[in-house]
Structures are given as structure tokens and as C-alpha cells.
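Student: Now for the letters of each chain:
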Amino acid sequence: MNQAVEVKDVTVAYDQKPVLENISFTVPKGILMAVVGPNGAGKSTLIKAMLDLTQKSAGDVKILGEAYKPKNRTVGYVPQRGTVDWDFPTNALDVTLMGRYGHIGWFRRPSKSDVALAEEALEKVGMSAYKHRQIRQLSGGQQQRVFLARALVQDADVYFMDEPFVGVDAATERAIIALLRDLKESGKTVVVVHHDLQTVPEYFDWTLLLNKQQIACGPTDEVFTMEQLQQTYGGHLSFLNQTEMVGR
Amino acid sequence: MGYEAWILLTGSLVGISCGMIGCYLIVRRMVMLADAISHSVLLGIVLAFLVSQSLNSIYMLIGAAVIGLATTIFIQWLYASGVPEDASIGIVFTTLFAIGVILISLFAKDVHLDVNHALMGEIAFVPWNTIVIFGAEIPKATATLLGITVVTLLFIIGLYKELKITSFDAALALTIGLPVTFIHYLLMTMVSLTAVGSFDAVGAILVVAMFVVPGSCAYLLTDRLDAMLAISALVGVLSAVSGYYAALWWDVSISGSMAMMGGVIFLLTWIFSPRYGLISKWKKSSTPLKEQEG
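For the record, the sequence lines run as chains A and B. Going by the working numbering, the letters in the first sequence line up with residues 1 to 248, in that order. Going by the working numbering, the letters in the second sequence line up with residues 1 to 294, in that order.
Simulated from the structure, these hints should not be mistaken for lab results. The C-beta atom is built at its ideal place from N, Cα and C for all residues, glycine as well. Treat the hints with care, as some may be off.
Ranges between beta-carbon positions, derived for each pair [as the list claims (entries may be wrong)]:
# : chain 1 : residue 1 : chain 2 : residue 2 : range
1 : A       : 17        : B       : 276       : 42 to 50 Å
2 : B       : 84        : A       : 85        : 37 to 45 Å
3 : A       : 9         : B       : 81        : 27 to 35 Å
4 : A       : 132       : B       : 181       : 29 to 37 Å
5 : B       : 81        : A       : 155       : 23 to 31 Å
6 : A       : 16        : B       : 91        : 19 to 27 Å
7 : B       : 279       : A       : 17        : 47 to 55 Å
8 : B       : 83        : A       : 57        : 50 to 58 Å
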């Protein structure tokens, strides 16, 4: 069993209008994959549909060979930073600890070892100094790091991250990519919704090109070509001509 | 216990139970939903009376829980069908409340159930309507509220982390297998029970104040959910007790006075809170901001 994720014929429709049509791809274990496409292409919707956060009209999703079920705890999800209320009365350590909740079970409190894991994860993302900081007082990059620390303590096998690089500073971007590579080294699979085309070949082994339909999916070297990108972005790719992409 | 002590205890129990449940309504941005439920439970109370022909509080609580859940579900249906959320809330609760008012005027004229009482409450009558529990004679409303407060405490302590994670990040909660919708309805049931338990004491309009005001004060005073719950309960008690004495002093409505004292405490917090008060904000903006660490 070498596939981390198998997606078969996933279709999502809102009010009869298809948002995603017949998406089918597989993700091998131990790779970093980017989900790339223009705004409104359904990238976030795809992740949410895969994790049953949005209703699918059709399709199957298998994680590590088994039909996806939340309680299997094989999946770690990092939502877009903007989806939670950062005014919530809590601090960085507490948010990180929430990553352990799936392991703790009903009615029980986080143990000392859960707290130790959370502190260790905050250390890894360079946020130890801010662990008692109220989350609204953190910068965008710091908030994103807390989200990643929370994902780390989930100790999942497959991670789905929705736009983790949006609105973060350069230092955080480097910290995140280092972390993703660590995860990959330890055999985890990471699927990332990504919008910065320039960094795709540098960061990701595997790429899914998406625009309501699946344009291509495979090793970045093979998939990330001018022709395929033109097809994904349609006429909106003109800006790419000014970038290093042209040489490819 | 004397007359005054019963009133103070009853008011304090309202403050504790509403204050703590109210914290979750505030952090979930659901205060308007609680407003809706606290009104529409009137229909639950009337229906419970019509079905059971008694004013036994058990039937009332069941009726309120059912109608409270129905309110939540109807609002959700309307919202899902494309009606804006605030309009959905307004449509559902006014309609259910109106049905309750009509049913009272049709069938329940002769019993101790009138619209005015339901809206405004009458805590001054609470000590006279007693039952005997374990050989002790205690006011019915107080006994009910004591039960509700205990259930509220068990609910919050037992499901502390589940309530927190579903409030903060429902998507994460779903991906770790928590029944997010079930917990939402459980919370709404607690809102219904607390609302109906507080009905006698403060009525449908002012119970909203008890849900919102103490929690809002606490929100301005702390950055931790557990501290927020404790402060909110404390402010609830403080509003009830100071409200009672203010009502004696000026010879005015007790429930109105309790809600008003809540408002006064909020005003003071809003101005003087060391973290988020008007004065500290003004001080912060007049000193240069420190560089944000990256």
C-alpha cells in the first residue's frame, strides 16, 4: 500500500451548479503535494469535500487504503487562518493543545504529556516565547505557526493544509517549508493548497492542477509546464511571462 | 431562610447559570439565537401546560427544550434556504412567541400564566410558591434553578474541551470526529432549559440580559475561557444582588433593576477594564506602539 490518498470521481455541486467535477487522483506516501489553480477553482472545496467538511455529490476518498473516517485520526487538517475567530479567549499553548483533543477522548482533560508535546511543537515552530500570548496579539505569521504546531501534535499520517503561506512574512514562510520537509522526512504526506506559482517547483514534489476540473496531477517536473498552466489559468496567465516560468 | 434570602439566592442562581451559558453564546457569536430561544420557549411552556394540565416544572422544562430545539432547527432551515440569518431568527421567534401569546389568551386565562408575567418575570412572588424537598420547604423556582445550575456546571466541566474546540474551530473538531452539530444542539437545549428556569425570576426579555451582559463583562476582563466563565458567573451574581437592593431602595421592579445593574457593571467594565477598557485603549493609543515581533 503505497498510496497515501486516493480520490475517485469526486464531484461537488452548490445549487445544482458543479464546483468540482470528477476529480480523481492519487497521492503517493511521503511526498509534498501542491494543489494549484486560479481563484474559484475549487481548491479549498476539494480539501473540504475530501474531509467531509463539505458535502460531495459523488465520489470516494481513501486515506492510507481505507475509506476516510474522522475518528481514524490519520488526517491532520490546517484550515485557512481566516476561518477561526482570533478574538477567542485563549492563548497559543491552548490552541496547540487542541491538536491533542482527538487523542484524549471524551470528558478527559489534557495530561502533562499532552502539554509537553504542545510545548515541544511550539518550540519547533519557533513560538515558545509566545506560548502564553493571547492569540489576537499574534501577527499573521505567528498565528499560522501556532496552527502548524497544532497540526504537529495531532501526529497524523496525512496532512491537508489550506493556504498556509498566505499573509505570512518571509521568515515564517521559510519556517513552514522547513517543517513540511521535516514531516516528509519522517514519512508523512502533506497536501497543500498553494497560490504562489513561482515557488511550486522549489517546494513541492507533486502537483495537482485544478480549475473546477482536474487539468493534471503528477510529479511537478512533468505536470508543471507552461502548456498545462495555460490550460489551468486560461487567458489569465499573462503575468507569468515576466517570471522565470518562461524558461520552462 | 427568610424571604429576602430566597430572592437573593434565586437571582444569584439565574446569574450563575445564564452567565456561564452566555459565555459560549458570546464566543460563538450566537447571542441573537439565545434571544430567539428565550422568547419562543414561552410557546413550550404553554404547550406543556395544555398537554399536562399542570404547572409542574418538569413538563415546562421538557416543553421548553423541545420548542427551543425546534426554534434552532427552523432558523437553520430558513437560513439554508437562502433567507438571511438575522431575518430567519426574527421570523421564527416572533411567530412562535406570538402563537404562545395567542394560546395563553385562548386557553390559559384562568391559570397563573399571563403574558406580562412571562415577559417581565416576578421574582417577588417566587418565595411564596414552595415545594417540599427532602423535608425542606423551598421555593419551586429556586429548586428548579438549583437543578439547572448543577446541570450547567456538569455540562461545562464535563464537556469543557469539546465545547471549546467546537466553538473555536468547528472544522478541526469535525476532522477529529467530534459530533459538532450534536454539541451545538446540546448547547441550545441548555439555553432553553436555563431560559425557562429563569422565566419566573426575570422573564423572557430580561433573561437575555443575563445571558449577554455578564459574559460580555468577562470577555473584556480576561483572555482565558475558564476565567471568563468564572468572572461571568460572578458578575451575574453581583447584578442580581445589587439589583435587588437597588429595587428596594428606589421601590422599582426587581427584575428590571437586576438587568439594569448588569448594564451598569458592563458600563464600568467597558470604561475601566485594564486590558480592553476605554481608558487603557486611550492610553495605549497615546503611547507609541512597540514593534511587532515577526
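Student: Next step is simple, just say for each hint if it's right about the structure.
Tutor: Checked hints:
1. 17/A to 276/B: 42 to 50 Å: Between residue 17/A and residue 276/B, where Cβ atoms are some 43 Å apart, the hint holds.
2. 84/B to 85/A: 37 to 45 Å: violated (20 Å)
3. 9/A to 81/B: 27 to 35 Å: holds (29 Å)
4. 132/A to 181/B: 29 to 37 Å: holds (33 Å)
5. 81/B to 155/A: 23 to 31 Å: violated (41 Å)
6. 16/A to 91/B: 19 to 27 Å: 26 Å Cβ-Cβ, so the 19 to 27 Å window holds.
7. 279/B to 17/A: 47 to 55 Å: holds (52 Å)
8. 83/B to 57/A: 50 to 58 Å: With Cβ atoms ~24 Å apart, the hint is violated.
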